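Trainee: If you want the building blocks of each chain, they are given just below.
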Amino acid sequence: MGSIYMESLILAKSNLSYWLRQLRKEMALIGPLKGENNDIVFKTVENIHEIILDCPALIPSPKEFIFPQKEDMFRFSKDKVENLRNDKKRLIFGVRSCDISAIILFDRFYGEKFVDDYYMSRRNNTVFISIGCNNPDPTCFCIGLGSGPFLSLGFDIQFSDLGDRYLVEIGSTNGMDIVKKFIHLFSQPKKSDYDDQYEAMLSSQARFEKRINLENARQKILFEKVDDSFWEGVAKRCFECGGCVYECPLCTCFNVIDRKYSETEGIRIREWDTCMFRGFTKMAGNIWPADKKVMRTKRWYFHKLIYYPEQFGKFGCVGCGRCTITCPGRIDMATIAYRLKVGENERKAD
Amino acid sequence: MYDKSIPFEAKIRWIKKETRDTATYAFKITSREIERAYRFIPGQFNMLYMPGIGEAAISISSAPSDHDLTHTIRVAGDVTTAISRLDTGDVLGIRGPFGNGWPLEEIEERDLMIIAGGVGIAPLRSVIRHILNDRTEPRHVKGVRGGKISSPARIILYGSKTPKDIIFRDEFPRYRDAFQTFLTVDKADPEEYWRGDIGLITGMWNKTSFNPLNTVVFMCGPEVMMQSMVKELILKGVPGEKIFISIERNMNCGMGICGHCFFGPKFVCKDGPVFRFTDIEGFLGIKEI
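Going line by line, the protein sequences match chains A and B.
Per numbering that gives the first Met the number 0: the first sequence = residues 0 to 349.
Per numbering that gives the first Met the number 0: the second sequence = residues 0 to 288.
There may be inaccurate statements among the hints.
With a straight-line cut-off of 20 Å between C-alpha atoms, the simulated EDC-like cross-links for lysine to aspartate or glutamate are [claimed, not checked]:
id : chain 1 : residue 1 : chain 2 : residue 2
1  : B       : LYS3      : A       : GLU239
2  : B       : LYS269    : B       : GLU280
3  : A       : LYS87     : A       : GLU111
4  : B       : LYS3      : A       : GLU70
5  : A       : LYS281    : A       : GLU309
6  : B       : LYS265    : A       : ASP78
7  : B       : LYS3      : A       : ASP116
8  : B       : LYS269    : A       : ASP106
9  : B       : LYS3      : A       : ASP71
10 : A       : LYS88     : A       : GLU70
11 : B       : LYS3      : A       : GLU270
12 : A       : LYS112    : B       : ASP278
13 : B       : LYS269    : A       : GLU111
14 : B       : LYS269    : A       : ASP116
15 : A       : LYS77     : B       : ASP185
16 : A       : LYS79     : B       : ASP185
17 : B       : LYS3      : A       : ASP257
18 : A       : LYS69     : A       : ASP116
19 : B       : LYS3      : A       : ASP106
20 : A       : LYS77     : B       : GLU8
21 : B       : LYS163    : B       : ASP185
22 : B       : LYS10     : A       : ASP71
23 : B       : LYS265    : A       : ASP71
Think of the hints as simulated: they come from the structure by calculation, not from any bench.
Small disclaimer: the values here were computed from a predicted structure and weren't measured.
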């Protein structure tokens with residue numbers, strides 16, 4: 000099956016900054032920029048020329064723009080509750096395919112039974128422009144999960160870098176809206192443009208160093224019964240730093256807390272939380288449903304490898320490889336999937 | 000509909016002390032609009048909110064047909080301690096109702112066995128009162144001339160620590176109108192007058208008579224109790240599909256997204272708190288995952 004999109008167009012690279020500058024008048028523009036310590040992070044763009052598009056994909060995921068690390072929910076005072084929902088319009092430029100795939104799953108998670116207004120208002124007011132990856136990083140394995148390097152559906156707008164121009168695929172009405180007004184900047188693609196995109200895709204696919212099949216890991220857990228000692232070994236290497244959860248574009252857990260300004264006034268916020276922490280499931284009356292580290296590490300993998308496919312038909316992993324970089328204990332998703340595959344004996348030799 | 004992520008105000012109409020650490024609170028929702036839109040089924044819960052302290056998930060202990068919306072709260076943590084300091088007329092926040100509730104359609108034609116331990120009776124009181132309120136006795140069945148077909152059997156097994164810890168003690172005489180009621184305590188002070196049983200709730204089988212294949216079990220209590228109870232029930236021949244268990248976990252958002260209440264693949268606030276035993280078989284008692 001081919002791609003599902005509304006239209007594809009060509010944008011000359013020289014027209015990009017003009018287009019972004021015009022869009023910035025209507026909405027906040029966020030893109031990958033150089034941060035304070037020379038790392039690259041998503042930030043509000045001040046100068047369009049500073050946007051770095053050939054950065055590695057491992058920069059912090061853009062999930063914080065739809066699911067902020069700390070989000071104000073409402074302010075309460077003696078006699079009223081004031082909702083602090085954020086519905087600013089934003090354009091996030093330069094997102095990778097894996098992150099778009101993660102956001103699509105995020106949408107399903109946050110809208111499955113109840114619709115979370117805080118998330119949805121941010122989501123509905125955010126347009127993503129993603130870029131197909133011509134140069135996957137050594138830690139990337141999205142190719143094994145169908146979440147990259149190029150997407151065929153689900154994106155708002157997808158760019159494919161074809162040298163001096165971008166092939167612009169428009170995949171949603173939100174995406175169409177920001178193109179429509181500036182349609183004079185775009186031209187119709189020729190057949191050779193599609194050929195170039197296909198070629199870029201093939202060459203990108205060939206560059207993947209990691210070929211990780213999570214389905215093998217899933218089958219191994221489900222049907223071959225992975226010994227508990229395996230998870231004990233994993234837990235032993237876990238520092239409980241929460242780094243994987245912080246970086247994972249699909250970790251959605253949060254904690255809700257109240258901050259008091261005075262006796263009667265305060266604010267209710269929610270902030271990122273992780274199932275890797277011991278207190279995560281603690282209940283009143285000093286009950287700890289998951290007090291052993293092995294339960295929590297195992298749960299993290301089970302949620303992503305077993306429960307996500309059960310519920311949504313997709314793994315709770317998009318193969319972005321961020322945990323591979325972040326995890327100090329080398330028990331990231333790619334490594335665990337590999338170790339599950341190679342089995343007990345070879346692991347000991349490892 | 001109202002927004003379930005923002006608490007609404009409710010005023011405490013009355014407080015009834017049940018035991019030394021448990022009390023029943025009746026709430027009046029301040030906003031007429033929300034009060035009219037507020038509908039729940041037995042077994043669902045609300046998030047009770049003390050501004051500045053936090054929220055606690057507490058199951059509704061009244062029946063939908065009852066006049067007052069009540070919660071029966073045992074003091075266990077910060078929020079419940081704060082609630083216990085409130086007085087009649089005080090206001091707190093409520094979000095809800097959340098969760099799935101007891102599958103009442105299952106018990107229409109079947110015998111019902113209610114098993115509760117400790118404050119686990121609270122969500123089940125909602126069912127008990129629901130049955131009492133809707134009872135139309137005697138039951139006549141069309142086509143059977145003059146025939147009064149006995150209504151399905153209703154049994155309550157309730158275990159507490161001591162006679163003093165029995166919640167809704169004053170209501171049990173009324174429950175006996177429709178239910179065969181069996182109370183047991185772990186230990187009773189010999190000084191005290193107690194004519195019920197002493198011992199574990201699992202030891203009460205010989206007193207009850209029920210047809211296991213036609214019985215639906217609703218159960219809520221400490222997880223250890225529920226595990227051993229399920230084992231016994233299944234050995235007695237009650238199908239695992241007909242055993243329903245209400246689970247407690249740390250709940251934070253109530254909407255199945257914050258992740259705190261995970262129970263295997265499920266989230267208790269969204270998929271539960273009432274689970275069919277066969278759906279969670281692999282996770283009950285195994286503390287991990």
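Trainee: State for each hint whether it applies.
Mentor: For each hint, the structure was consulted:
About 33 Å separates the Cα atoms of LYS3(B) and GLU239(A), which puts this hinted pair outside 20 Å; it is violated. With a C-alpha separation of about 18 Å, the suggested pairing of LYS269(B) with GLU280(B) holds against the 20 Å cut-off. Restraint check: the Cα-Cα separation between LYS87(A) and GLU111(A) comes to about 24 Å, which exceeds 20 Å; the hinted pair is violated. Distance hint between LYS3(B) and GLU70(A) is fulfilled; the C-alpha atoms sit about 17 Å from each other, no more than 20 Å.
Between LYS281(A) and GLU309(A) the CA atoms are separated by roughly 26 Å; this puts the pair beyond 20 Å, and the hint is violated. At most 20 Å may separate the alpha-carbon atoms for a hinted pair to count; LYS265(B) and ASP78(A) exceed this at roughly 37 Å. With a CA separation close to 9 Å, the supplied pair LYS3(B) and ASP116(A) stays within the 20 Å bound. Distance check on the hinted pair: LYS269(B) and ASP106(A) sit about 16 Å apart at the alpha-carbon level, within 20 Å; holds.
Pair hint LYS3(B) plus ASP71(A) holds up; C-alpha atoms about 16 Å apart against a cutoff of 20 Å. At roughly 16 Å between alpha-carbon atoms, LYS88(A) and GLU70(A) fall within 20 Å of each other, so this suggested pair holds. Taking the CA atoms of LYS3(B) and GLU270(A), the gap is about 19 Å. The hint holds against a cut of 20 Å. With a CA separation close to 19 Å, the supplied pair LYS112(A) and ASP278(B) stays within the 20 Å bound.
At most 20 Å may separate the alpha-carbon atoms for a hinted pair to count; LYS269(B) and GLU111(A) meet this at roughly 10 Å. With a C-alpha separation of about 16 Å, the suggested pairing of LYS269(B) with ASP116(A) holds against the 20 Å cut-off. The suggested pairing of LYS77(A) with ASP185(B) is violated, with an alpha-carbon distance near 45 Å, which exceeds 20 Å. A threshold of 20 Å between alpha carbons decides the hint, and for LYS79(A) with ASP185(B) the separation of about 47 Å lies outside it, so the pair is violated.
Our distance criterion of 20 Å between C-alpha atoms is met by LYS3(B) and ASP257(A), whose separation comes to about 17 Å. This hinted pair checks out: LYS69(A) and ASP116(A) have alpha carbons roughly 16 Å apart, not beyond 20 Å. For the suggested pair LYS3(B) and ASP106(A), the alpha carbons sit about 18 Å apart, so the restraint of at most 20 Å is met. For the proposed pair LYS77(A) and GLU8(B), the alpha carbon gap of about 11 Å is at most 20 Å, so the pair holds.
Taking the CA atoms of LYS163(B) and ASP185(B), the gap is about 11 Å. The hint holds against a cut of 20 Å. Our distance criterion of 20 Å between C-alpha atoms is broken by LYS10(B) and ASP71(A), whose separation comes to about 26 Å. With a CA separation close to 27 Å, the supplied pair LYS265(B) and ASP71(A) exceeds the 20 Å bound.
Violation of the numbered hints given earlier is confined to hints 1, 3, 5, 6, 15, 16, 22, 23; the remaining hints are satisfied by the structure.
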